[in-house]
Amino acid sequence: MTDKRIDEATNTETMGHEWDGIEELNTPLPRWWLYTFYACIAFAVGYAVVYPSVPLIHEGTHGSFGWTSRGEYAAEKKAEAAQRAPMLAALAKTPIEDLPKNPDLTRQAVAGGRAAFKVNCVQCHGAGAAGSVGYPNLNDDDWLWGGSLTDIQQTLTHGIRYPGDDQTRTSLMPSFGHDKILTPAQVQDAASFVRSLSGLEPKGAAAQRGAEIFATNCVACHGPDAKGGRQFGAPNLTDRIWLYGGSREQVVGSITNAHAGVMPAWGQRLDPVTIKMLAAYVHSLGGGEAFAAPTPVAK
Amino acid sequence: MVSLNPQGQPTRKQRPLPSALKPKPQSGLYEKKQPVFPRKIDGRFRRLKWGVMAVCLAIYYLTPWLRWNRGPYAPDQAVLIDLAHRRFYMFSIEIWPQEFYFVAGLLIMAGIGLFLVTSAVGRAWCGYACPQTVWTDLFQHIDRWFDGDRNAQIRLANAPWTAGKLARRLSKWSLYLLVNVATGGAWIFYFADAPTLAHQVFTGTAPAIAYSTIAVLAGTTLWLGGFMREQVCVYMCPWPRIQSAMLDEKSLIVTYKDWRGEPRGKSSGGDCVDCNLCAAVCPTGIDIRDGAQIGCITCALCIDACDGVMAKTGRPRGLIDYATLEDSEKERAGAPPTSHAKLIWHARTLIYLGLWSAIGCALLFALGTREHLAISVAKDRNPPFMLMSDGAIRNAYLVKWRNMEDRPRPMRLTLDGIPGARMWSEEMGKAQATRQLTRTIPADQTEPLRIYVIAPAGTAQQPLGFTLTATDAQGGTVRYDTRFDAPEGGQ
Ligand code: SF4
Ligand code: SF4
Chain B
1 MTDKRIDEAT NTETMGHEWD GIEELNTPLP RWWLYTFYAC IAFAVGYAVV
51 YPSVPLIHEG THGSFGWTSR GEYAAEKKAE AAQRAPMLAA LAKTPIEDLP
101 KNPDLTRQAV AGGRAAFKVN CVQCHGAGAA GSVGYPNLND DDWLWGGSLT
151 DIQQTLTHGI RYPGDDQTRT SLMPSFGHDK ILTPAQVQDA ASFVRSLSGL
201 EPKGAAAQRG AEIFATNCVA CHGPDAKGGR QFGAPNLTDR IWLYGGSREQ
251 VVGSITNAHA GVMPAWGQRL DPVTIKMLAA YVHSLGGGEA FAAPTPVAK
Chain X
1 MVSLNPQGQP TRKQRPLPSA LKPKPQSGLY EKKQPVFPRK IDGRFRRLKW
51 GVMAVCLAIY YLTPWLRWNR GPYAPDQAVL IDLAHRRFYM FSIEIWPQEF
101 YFVAGLLIMA GIGLFLVTSA VGRAWCGYAC PQTVWTDLFQ HIDRWFDGDR
151 NAQIRLANAP WTAGKLARRL SKWSLYLLVN VATGGAWIFY FADAPTLAHQ
201 VFTGTAPAIA YSTIAVLAGT TLWLGGFMRE QVCVYMCPWP RIQSAMLDEK
251 SLIVTYKDWR GEPRGKSSGG DCVDCNLCAA VCPTGIDIRD GAQIGCITCA
301 LCIDACDGVM AKTGRPRGLI DYATLEDSEK ERAGAPPTSH AKLIWHARTL
351 IYLGLWSAIG CALLFALGTR EHLAISVAKD RNPPFMLMSD GAIRNAYLVK
401 WRNMEDRPRP MRLTLDGIPG ARMWSEEMGK AQATRQLTRT IPADQTEPLR
451 IYVIAPAGTA QQPLGFTLTA TDAQGGTVRY DTRFDAPEGG Q
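From first to last, the protein sequence lines stand for chains B and X. Mapping of the first sequence onto the numbering used here: residues 1 to 299, in sequence order. Mapping of the second sequence onto the numbering used here: residues 1 to 491, in sequence order.
Please keep in mind that the hints were generated in silico from the structure rather than gathered at the bench. Just so we're clear, the structure is a prediction, and the values are computed from it rather than from any experiment. Fair warning: there could be bad hints in the mix.
Rough simulated footprint, nothing fancy, chain B against chain X, three-plus residues with beta-carbon under 8 angstroms [said to hold, decoys possible]:
no.	region
1	29-39
2	373-383
3	387-395
Beta-carbon label-pair distances, calculated as ranges [unchecked claim]:
no.	chain 1	residue 1	chain 2	residue 2	range
4	B	247	X	456	21 to 27 angstroms
5	X	460	B	133	23 to 29 angstroms
6	B	247	X	432	32 to 38 angstroms
7	X	410	B	247	36 to 42 angstroms
8	B	72	X	248	32 to 38 angstroms
9	X	69	B	132	56 to 62 angstroms
10	B	42	X	158	40 to 46 angstroms
11	B	101	X	364	47 to 53 angstroms
12	B	54	X	163	58 to 64 angstroms
13	B	250	X	472	51 to 57 angstroms
14	X	442	B	54	54 to 60 angstroms
15	X	223	B	54	29 to 35 angstroms
Here are the computed lysine-lysine pairs in the DSS-like style, where the Cα-Cα straight-line distance is at most 27 angstroms [as the list claims (entries may be wrong)]:
no.	chain 1	residue 1	chain 2	residue 2
16	X	430	B	4
17	X	400	B	118
18	X	379	X	342
19	X	32	B	227
20	X	430	B	101
For each residue, glycine too, the CB sits at the ideal point set by N, CA and C.
With the hints as constraints, model all of the structure from the sequences given.
Next comes the structure, spelled out in structure tokens:
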């Protein structure tokens with residue numbers, strides 16, 4: 001350690017230490033720099049007082065204005081709801097069949113429906129509404145119970161075969177094999193016929209026999225031309241779309257055991273406006289019937 | 001890269017400092033700001049500085065008021081940053097967000113432009129065009145206007161706070177305030193229609209963000225230009241550090257020719273009469289005779305000062321002058337000084353100029369050849385394809401038609417590929433499916449349209465293109481290549 005001295009070349013005081021002949025100049029920082037630092041400290045103290053910051057044993061300090069991130073979130077939610085209120089009110093007033101006359105409202109309904117779908121429907125119908133075996137694909141042009149806005153709204157509200165809703169859509173296919181209405185051989189023949197309708201199998205002898213079985217047992221619901229009927233939600237057996245699969249085993253299984261898929265009556269859980277929005281969204285997926293669907297808004 | 005000491009020698013032994021305002025040796029970590037009272041000076045560089053200042057301020061204040069006719073569908077302000085609609089208008093150029101590379105290109109050009117200027121004329125940006133310099137200069141003129149020249153200013157600064165001094169200070173600070181508010185106020189006009197906004201500002205109906213922007217910018221102008229001044233250049237701005245690293249022995253810098261000036265003093269033989277005028281006029285408060293230093297912004301006011309002294313004492317001008325280190329060495333050895341015009345052109349300057357021009361030309365070319373329509377297609381991936389009841393396969397796309405002209409344009413969308421495929425939009429229905437759709441896109445708009453493409457049963461996965469053609473006189477075609485998904489191996 002040497003004593004502090006003034007460096008002659010620069011007229012600056014040294015720090016008073018020296019290593020191997022190298023000394024450090026005591027070049028001062030500007031004072032405003034110091035004041036800026038003090039100002040930052042003051043700001044930090046103020047910040048800690050105003051906002052919740054200091055953790056204590058059971059909970060932290062609350063801050064002088066009681067601000068919380070939850071409170072902020074609640075306020076944002078409230079503001080959002082207030083912003084959406086006019087749209088929801090307009091939607092509540094508009095009968096669903098009049099929706100296509102108001103493209104703007106429809107667009108908003110579709111957007112709302114998309115969000116509601118993500119919460120309530122994707123569990124069965126999938127994120128892209130493409131369904132899976134036993135859960136209908138909502139993008140295609142095949143509708144068991146009808147694909148107009150009103151039909152979809154009805155299905156959504158009351159569900160399908162949903163116990164506890166007396167307006168639910170309902171029908172029952174007999175378990176032809178299980179209940180021994182048909183012998184296993186007859187079931188096989190009927191399956192051959194059904195598959196031949198959509199070109200999955202040639203129309204051989206089995207299919208010929210199956211045609212007769214079909215005429216006596218199935219036409220009541222599926223119709224003489226096997227095109228199905230929406231009154232009973234009976235599938236069209238001549239198209240390429242299979243709710244429970246079109247392979248031989250799957251068709252045989254369907255005839256033997258019968259399926260009776262259930263969809264909840266969402267009217268019991270969701271408000272009518274949400275159901276309207278859901279119907280608009282499902283209708284907009286590309287297969288909606290009876291009305292032209294509107295252009296979606298870009299996101 | 002060289003050290004900033006132009007002579008390449010150890011710094012001279014400091015003589016007793018002439019000015020009472022020179023920093024005194026002090027202990028402690030923090031130094032009180034030494035106020036700078038630059039003396040008024042006239043000369044060729046001062047007049048150049050006046051000129052540059054006038055041009056800079058004129059550009060800043062007048063640009064938002066220039067009009068530019070873009071027809072009925074677009075704003076008629078020549079330069080407008082329209083944040084709400086995400087457009088940037090600059091005379092005949094209109095930049096969309098996806099064309100932001102133009103802005104990036106301009107920024108790169110600005111960067112290389114600074115290198116170019118530094119390489120050619122040293123820190124001329126700092127000395128003349130930097131906003132900090134321009135506004136500091138402005139405030140220093142205001143000081144002189146209210147308080148008189150250097151000596152009067154020093155006297156007043158040291159005087160006790162009497163009512164008279166307070167009154168003078170308050171009136172000066174009110175003018176400061178006016179300048180600050182005008183500075184902040186001009187900025188907002190770049191972001192909205194200037195006449196409308198001006199009317200709103202004065203009638204108190206402008207949006208809150210306009211007032212807060214004015215307040216923030218007025219505050220920073222007051223702080224940085226009114227009070228921090230040279231402290232910004234020395235302590236806050238990163239650019240002098242970068243520039244110091246970019247200076248080489250071929251860069252023009254302001255140099256005191258000590259081989260000519262020393263020894264100083266009236267009757268000591270050197271040209272420098274030690275009048276100290278060069279230090280008194282310096283806006284950053286340094287003495288250039290100590291050698292090149294970071295506080296020097298090469299404004300050349302000291303050259304003006306010394307040239308005046310040399311004229312009076314009958315010596316040739318240029319004791320302090322723009323010179324390169326290389327040239328200084330030559331001159332020290334007895335060669336005559338090289339002309340500045342010659343010094344500007346050397347390899348580095350030419351390389352920067354070449355680079356700068358190349359980027360400029362590329363941008364101009366891109367600007368001239370860009371299409372004023374665009375298409376983007378987002379394919380539905382969930383589900384990737386849809387089997388219809390008749391076995392046909394349907395894919396869905398969100399097609400964005402973009403009209404970048406300021407008038408509505410008729411456009412046609414056609415399907416490229418998969419001969420049997422047809423498309424329909426949601427407003428149409430499958431029955432009307434076709435291979436080409438037409439619609440008119442409003443001025444300056446992007447219109448999203450959900451498009452369904454259907455292909456016959458058995459179609460395999462393959463490429464699919466959408467072509468968007470403007471069918472007006474101007475024309476233009478853009479294409480987007482995407483894909484058509486189908487079940488594995490057809491069905
Ligand atoms: S202005 Fe010129 S003569 Fe006067 S002190 Fe500066 S260098 Fe010397
Ligand atoms: S030393 Fe001269 S050139 Fe440098 S800032 Fe001061 S007056 Fe300007």
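Cross-check of the supplied hints:
For a cut-off of 8 angstroms, the count of residues in the region 29-39 of chain X with a CB near a CB of chain B stands at 5, and the three-residue condition holds. Look at the region 373-383 of chain X against chain B: 4 of its residues bring a Cβ nearer than 8 angstroms to a Cβ of that chain, three or more, so the hint holds. With 6 residues bearing a CB less than 8 angstroms from a CB of chain B, the region 387-395 of chain X meets the requirement of three and the coverage assertion stands. For residue 247 of chain B paired with residue 456 of chain X, a C-beta distance near 23 angstroms keeps the hint of 21 to 27 angstroms intact.
Range check, residue 460 of chain X to residue 133 of chain B: about 24 angstroms between beta-carbon atoms, so the 23 to 29 angstroms window is met. For residue 247 of chain B and residue 432 of chain X, the hinted distance range of 32 to 38 angstroms is satisfied, since their beta carbons lie about 35 angstroms from each other. Separation of residue 410 of chain X from residue 247 of chain B is about 50 angstroms and departs from the stated range, judged on CB atoms against 36 to 42 angstroms. Distance hint for residue 72 of chain B and residue 248 of chain X: a CB-CB separation of about 55 angstroms, inconsistent with the stated range 32 to 38 angstroms.
Checking the proposed 56 to 62 angstroms range against residue 69 of chain X and residue 132 of chain B shows it holds: the Cβ atoms sit about 59 angstroms from each other. One distance hint, 40 to 46 angstroms for the beta-carbon pair residue 42 of chain B and residue 158 of chain X, is violated here, with the actual separation near 31 angstroms. About 50 angstroms separates the C-beta atoms of residue 101 of chain B and residue 364 of chain X, a value consistent with the hinted range of 47 to 53 angstroms. Against the hinted window of 58 to 64 angstroms, the Cβ-Cβ separation of residue 54 of chain B and residue 163 of chain X comes to about 48 angstroms, which falls outside the hint.
Judged by the Cβ atoms, the range 51 to 57 angstroms given for residue 250 of chain B and residue 472 of chain X holds: they are separated by roughly 55 angstroms. Range check, residue 442 of chain X to residue 54 of chain B: Cβ separation about 56 angstroms, and the 54 to 60 angstroms hint holds. Taken as a hint, the range 29 to 35 angstroms holds for the pair residue 223 of chain X and residue 54 of chain B, whose Cβ atoms sit roughly 32 angstroms apart. As the CA atoms of residue 430 of chain X and residue 4 of chain B are separated by approximately 92 angstroms, the hinted pair breaks the 27 angstroms bound.
A distance of roughly 24 angstroms separates the Cα atoms of residue 400 of chain X and residue 118 of chain B; the hinted pair therefore holds under the 27 angstroms criterion. Between the alpha carbons of residue 379 of chain X and residue 342 of chain X the distance comes to roughly 61 angstroms, so the proposed pair goes past 27 angstroms and is violated. About 94 angstroms separates the Cα atoms of residue 32 of chain X and residue 227 of chain B, which puts this hinted pair outside 27 angstroms; it is violated. Between the alpha carbons of residue 430 of chain X and residue 101 of chain B the distance comes to roughly 20 angstroms, so the proposed pair stays at or under 27 angstroms and holds.
Violated hints, listed in ascending order, are 7, 8, 10, 12, 16, 18 and 19; each of the other numbered hints is respected by the structure.
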